[in-house]
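Protein chains: 2
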Amino acid sequence: MLNLDLTKLEGFIPQDYLSQRMAGLEKAASMLANHDGPGGDFTGWVYLPRDYDKEEFARIQAAAKKIQQQSQVLVVIGIGGSYLGARAVIDLLASPNYNLKKKDTPDILFAGNGLSTDALLETIALIGDRDFSVNVISKSGTTTEPAVAFRIFKALLEEKYGKEGARERIYATTDKARGALKGLADAEGYEEFVVPDDVGGRFSVLTAVGLLPIAVAGIDIEELMGGAAQAMTELSVGGAENPAWQYAAARHALYQGGKKVELLACYEPCFRFFAEWWKQLYGESEGKEGKGLFPASVEFTADLHSMGQYIQEGERLMFETVVQFAPKGEFIIPNDPENVDGLNFLSGKPLAFVAQQAMRAVILAHVDGGVPNVRIEMPALSAKTAGYLIYFFEYVCGLSGYLLEVNPFNQPGVEAYKVNMYALLGKPGYEEQKKALEERL
Amino acid sequence: MLNLDLTKLEGFIPQDYLSQRMAGLEKAASMLANHDGPGGDFTGWVYLPRDYDKEEFARIQAAAKKIQQQSQVLVVIGIGGSYLGARAVIDLLASPNYNLKKKDTPDILFAGNGLSTDALLETIALIGDRDFSVNVISKSGTTTEPAVAFRIFKALLEEKYGKEGARERIYATTDKARGALKGLADAEGYEEFVVPDDVGGRFSVLTAVGLLPIAVAGIDIEELMGGAAQAMTELSVGGAENPAWQYAAARHALYQGGKKVELLACYEPCFRFFAEWWKQLYGESEGKEGKGLFPASVEFTADLHSMGQYIQEGERLMFETVVQFAPKGEFIIPNDPENVDGLNFLSGKPLAFVAQQAMRAVILAHVDGGVPNVRIEMPALSAKTAGYLIYFFEYVCGLSGYLLEVNPFNQPGVEAYKVNMYALLGKPGYEEQKKALEERL
Numbered sequence: 111m112l113n114l115d116l117t118k119l120e121g122f123i124p125q126d127y128l129s130q131r132m133a134g135l136e137k138a139a140s141m142l143a144n145h146d147g148p149g150g151d152f153t154g155w156v157y158l159p160r161d162y163d164k165e166e167f168a169r170i171q172a173a174a175k176k177i178q179q180q181s182q183v184l185v186v187i188g189i190g191g192s193y194l195g196a197r198a199v200i201d202l203l204a205s206p207n208y209n210l211k212k213k214d215t216p217d218i219l220f221a222g223n224g225l226s227t228d229a230l231l232e233t234i235a236l237i238g239d240r241d242f243s244v245n246v247i248s249k250s251g252t253t254t255e256p257a258v259a260f261r262i263f264k265a266l267l268e269e270k271y272g273k274e275g276a277r278e279r280i281y282a283t284t285d286k287a288r289g290a291l292k293g294l295a296d297a298e299g300y301e302e303f304v305v306p307d308d309v310g311g312r313f314s315v316l317t318a319v320g321l322l323p324i325a326v327a328g329i330d331i332e333e334l335m336g337g338a339a340q341a342m343t344e345l346s347v348g349g350a351e352n353p354a355w356q357y358a359a360a361r362h363a364l365y366q367g368g369k370k371v372e373l374l375a376c377y378e379p380c381f382r383f384f385a386e387w388w389k390q391l392y393g394e395s396e397g398k399e400g401k402g403l404f405p406a407s408v409e410f411t412a413d414l415h416s417m418g419q420y421i422q423e424g425e426r427l428m429f430e431t432v433v434q435f436a437p438k439g440e441f442i443i444p445n446d447p448e449n450v451d452g453l454n455f456l457s458g459k460p461l462a463f464v465a466q467q468a469m470r471a472v473i474l475a476h477v478d479g480g481v482p483n484v485r486i487e488m489p490a491l492s493a494k495t496a497g498y499l500i501y502f503f504e505y506v507c508g509l510s511g512y513l514l515e516v517n518p519f520n521q522p523g524v525e526a527y528k529v530n531m532y533a534l535l536g537k538p539g540y541e542e543q544k545k546a547l548e549e550r551l
Numbered sequence: 111m112l113n114l115d116l117t118k119l120e121g122f123i124p125q126d127y128l129s130q131r132m133a134g135l136e137k138a139a140s141m142l143a144n145h146d147g148p149g150g151d152f153t154g155w156v157y158l159p160r161d162y163d164k165e166e167f168a169r170i171q172a173a174a175k176k177i178q179q180q181s182q183v184l185v186v187i188g189i190g191g192s193y194l195g196a197r198a199v200i201d202l203l204a205s206p207n208y209n210l211k212k213k214d215t216p217d218i219l220f221a222g223n224g225l226s227t228d229a230l231l232e233t234i235a236l237i238g239d240r241d242f243s244v245n246v247i248s249k250s251g252t253t254t255e256p257a258v259a260f261r262i263f264k265a266l267l268e269e270k271y272g273k274e275g276a277r278e279r280i281y282a283t284t285d286k287a288r289g290a291l292k293g294l295a296d297a298e299g300y301e302e303f304v305v306p307d308d309v310g311g312r313f314s315v316l317t318a319v320g321l322l323p324i325a326v327a328g329i330d331i332e333e334l335m336g337g338a339a340q341a342m343t344e345l346s347v348g349g350a351e352n353p354a355w356q357y358a359a360a361r362h363a364l365y366q367g368g369k370k371v372e373l374l375a376c377y378e379p380c381f382r383f384f385a386e387w388w389k390q391l392y393g394e395s396e397g398k399e400g401k402g403l404f405p406a407s408v409e410f411t412a413d414l415h416s417m418g419q420y421i422q423e424g425e426r427l428m429f430e431t432v433v434q435f436a437p438k439g440e441f442i443i444p445n446d447p448e449n450v451d452g453l454n455f456l457s458g459k460p461l462a463f464v465a466q467q468a469m470r471a472v473i474l475a476h477v478d479g480g481v482p483n484v485r486i487e488m489p490a491l492s493a494k495t496a497g498y499l500i501y502f503f504e505y506v507c508g509l510s511g512y513l514l515e516v517n518p519f520n521q522p523g524v525e526a527y528k529v530n531m532y533a534l535l536g537k538p539g540y541e542e543q544k545k546a547l548e549e550r551l
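Going line by line, the protein sequences match chains X and F. Note that my numbering has the first sequence beginning at 111, numbered continuously upward. Note that my numbering has the second sequence beginning at 111, numbered continuously upward.
There could be a bad hint or two in this list.
To be verified - Listed below are the simulated DSS-like cross-link pairs for lysine-lysine, each with C-alpha atoms no more than 30 Å apart in a straight line:
no., chain 1, residue 1, chain 2, residue 2
1, X, Lys211, F, Lys212
2, F, Lys211, X, Lys212
3, F, Lys213, X, Lys211
Think of the hints as simulated: they come from the structure by calculation, not from any bench.
All chains should be built: construct the whole structure from the sequences, respecting the hints.
Shown next, in the form of structure tokens:
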């Protein structure tokens, strides 16, 4: 399913980079498998494609059908891992232009992932007088952005459909037992789905967190889970042939050799938000204790004409990981009898041939410029290949974090701004901090 | 119009960082004003807001009206600077959801900025049976991506409207005298606009390159130019009070002090592609000779829940530049009698208040985490403020490149992959290179 090409790292990292790290990888794989490493309580994602709750899965599929029938718009309220996974997969498989397309599934609008007044007003205007439902995703129910958004869209639903009608249109994905949203959902009788205790936000796309919006967009979530299950099975076999072990070792060797930035590149515009999901996965897992590769992304060939110059000749601080998908369709380049652009040597060839040669050309150019290159080759995009790739990146991330000797499953730094924010907002109990902060501003 | 806050750099760069660089800034400003520094032939953008071709400007406005009347879709074909500027401004001012909105201006679809077969097929499907026009933007007419796209959309137009009808719907923005597209446009009688000789692609958003699509989207391009003109006038006054001088000096001091990444942050989702435009502007201008800050971007508050952990606690290699706009609208946070989420201390407050405190909270958290912070405060988004900001970033970029002692107006590294690509594609004349490259793959 996935072909990993590391030949273009030659000369950039020691030849024995993998054998040097076999003991570390064995230990990391064992900690992931046995949930007994740092952050082991949050490694439920490792066997999720096998152990997921089948009863809930069927309810997700039924709820998706109900939403498709009852509404023209689904508003998905969530932030971080409760936002990026669903958006990544919907963009990747149903297109970044999903909402523009003619289709028999609802538009999907994301809310509660920021504090922009103008973006919120626009989302409300985009719904217009159409029927809509809400999927609110929050483990606690008290995170500021989604909580504020839920106040607003709940009020809009109740205004439009009455309290009873609104109840039929609110789907809460939250903690299985505790928390503000759980309490409200129980009291109001919303349909509920679970944010598992042992799966952190950035690893949650294959739980109800991601699956419900993804299913509403008409994507086959059984295929998605099937692809992930295949990856789980294949990658659980340790050893030097395991592509996840190879990639994790290579990343670690590149980092230890001085590379500070991993640049994720793809030739498909629909990959943009998948790269954003990937940035959270890696940035939040590895970026701690003053360590970690800075995750960045580019969309080729577009960005060869923007970031290309820097990649080719700027500071030598990055390596590149290129994800390549086979095309689904075919397009033959038409002939131009007058050959105005001088490109008739391409007439009659598939556009995919040009893309393939561009990719090969770029790899050699960047390698020659001092940018090591990792290539991940995939079959055509489908729910199955996407599921495989999601699990692959998650598993490599777990291995990488342990090689880096950090806890890849916590995110202590995310609290820093929140504490400041509560204080500055005047939350009761934060009066002293507020005073101290205001004096610094 | 623009308020630059550098107080949160204290302790990260020497106190005399500006005075140390006054001589360099004076020289840089003089080279920009007199077009006599490295790359001086490409500094036509410096006085563009004053010296632009008024007759052509009126033709752009007239053509935009004609397109609005004749078509429901405008396909904009271009790559790099012939793509990002227009997309950035349309997203920023007319929304990333522009095509989704109910409006009396055409949808705008971008093509020719990549080689994805599936993205091309989707663009054709999105046009459907609607009337469309094409704005092809290419100085030479032979750049592979836009040239291939133009072949395709020209053929679709001719099939739909006949050769005569197609001619009325093709708008060519190209060289004023030479090149393949210029020759074709002359021969066919397309309406033509000029890519000036003295303005490089990444500085061309305020020429016909950017202005025609922007005007078609219903944005007031006179206001846009007016904002840029105001910036030009204000920033031409050199000295320690000049915010462009201050920012350029600070960036340079941060870079010399070891920072390798500039992270551009904004709290408005509509800023995403403006940040992409900014990345090209800075990456392509500074990223050469092994030097330059790596430009990256984040969308807050969303990315506080993804990249926030890395920013707070990962490798200490970045500083942050935050662009903040006043909101256009207002939204009051509703009260919840049951206070389920515990946020009633915010009830009745504008959402913008929460956003403002979040921004202040983040700045202090990141500064405490070792991330120096630059803040650019702007009035509400409008064509005028956007024009001002465009010119500000361009001017700072010119100064910065000269402080870095590179030619900020060339892009020699972009050729490397193109040569490889022509060879691998089998372009006549590249047979030897092809053989050598294939052997390495």
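Are any of the numbered hints broken by this structure? If so, which, sorted upward?
Violated: none.
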